[in-house]
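Peer 1: First to last, the protein sequences are chains A and B.
Just so you know, the first sequence maps onto residues 1 to 238 in the UniProt record's numbering.
Just so you know, the second sequence maps onto residues 1 to 238 in the UniProt record's numbering.
Just so you know, the hints here were simulated from the structure itself, not pulled from any lab data.
Warning: the hint list may mix true and false statements.
Put simply, identical chains are the same to the list, so a pair is met inside one copy or across any two.
Result set (DSS-like, lysine-lysine): computed pairs, CA atoms no more than 25 Å apart in a straight line [as the list claims (entries may be wrong)]:
1) K176 / K141
2) K141 / K237
3) K67 / K42
4) K48 / K63
5) K3 / K63
6) K176 / K140
7) K188 / K226
8) K161 / K141
9) K3 / K226
10) K161 / K188
11) K67 / K237
12) K140 / K209
The model shown is predicted, which means the values in this text are computed figures rather than measured ones.
2 protein chains.
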Amino acid sequence: MGKLYVIGIGPGGLEHMSIRAKEAIEESDIVVGYTRYIEFVKPLLEGKRVFSTGMMGEEDRCKEALKLCKEGTVSVISTGDSGIYGMAGLILELRDDEEVEVIPGITASSAAGSIVGAPLMHDSCNISLSDLMTPYELIKKRVQLAAEGDFVISLYNPRSKGRADYLRENLAVIRKYRNGDTPVALVKNALRDGQEVTIATLDTFDCTKADMLSIVIIGNSQSYIKDGYFVTPRGYKL
Amino acid sequence: MGKLYVIGIGPGGLEHMSIRAKEAIEESDIVVGYTRYIEFVKPLLEGKRVFSTGMMGEEDRCKEALKLCKEGTVSVISTGDSGIYGMAGLILELRDDEEVEVIPGITASSAAGSIVGAPLMHDSCNISLSDLMTPYELIKKRVQLAAEGDFVISLYNPRSKGRADYLRENLAVIRKYRNGDTPVALVKNALRDGQEVTIATLDTFDCTKADMLSIVIIGNSQSYIKDGYFVTPRGYKL
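Bound-form chain A, shown alone:
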């Protein structure tokens, strides 16, 4: 039986993948992933079998990967970190006796943060606004508690056609606890082709720009913009 790697490839551009992740893909006989993300690692796929499915096909992909590793070494890829809204959880939930190794990657909030400056320098949280598998009331409760705790907040899956208003509603919740001039960054396609960056404030942010390929980062009460960089101070007395 082959080994099953669950790999976070990072933001998408090959150069932000870890050396270990690249080597594990190279070592694999079979690569499994969402069709769109398979494209990101195309230069590594020569001579390999590929199993890909569309969005929402996560469970099928995982089951297939667990079957395929009886035939050779398999890499299941996620963008970002495989353990943060990626495929690692589902693989381990479905795993029977297969040998699994999780290889971490740079998660989307780290990638987006690096592009706009250093917004995540203090206590922070990741919240997904997707309500496919989480009740919307719980999502809103988490946003409210994170706002109350003055966490820097990274919103994953901030907006889709089916829930066009969630982002606006949740920013309004945060606005109750933060000033209107709190920095808000939107990064679409962080560190890969098609990257777009917007830095605004809670009062000026245009929610309609966000989509499922975006990350939205909201600063804490100390965050500020300096020369175009979004900075959250760690607390040094300078």
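Once you've looked at the hints, dock chain B against the given chain A.
Peer 2: Frame of chain A; chain B shown alone:
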């Protein structure tokens, strides 16, 4: 004037560094970092000038790096992600007109999570228990709100000699909101030499094992242990 890279080298083992981070260090004339972390990238340092200081020397290192980039290309390195409790914030706070590029890395909670399974699969937060620059009351408030919101919680800097009781006190706060059988993982030296892993529960966890080189991850109400893996389900109906 040279360029200034602020680089997250990931957990420490060279193979978990991004390809971009490695190339930026190779391209640099001068490398600046905490003495202990400079050791992690030693194979990349041949022929380069190195400026390192001990712990607490962050401000000196940043000021020196900003000076040195007038003489050549400089890399300032942090472990993990440079933008998460790393050097990116301080560099941008102190920056005048130097050209700065932040290069992200795999943060410690991602690294630790990958080792124990997939604990970070749902909404999560990073909280540092260090009160050097954050009032302890604010830290405890954040832990309490994160517990109330059923976030997976990653504790950075969980324990030092000067604050031996903080970890125990904060786990007791979390215990008010979670069952005693909630999984708790301690990973010391994640993905580098000296790695040690303990998986326990809120009721059985031994706080005295934690130190400044450790990350402690506390599951949410749905997290469980399966075949030795710490899994937080994403919510798929399997």
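Peer 1: Quick check: which numbered hints come out false for this structure?
Peer 2: Going through the list in order, the structure violates no hint and respects every one.
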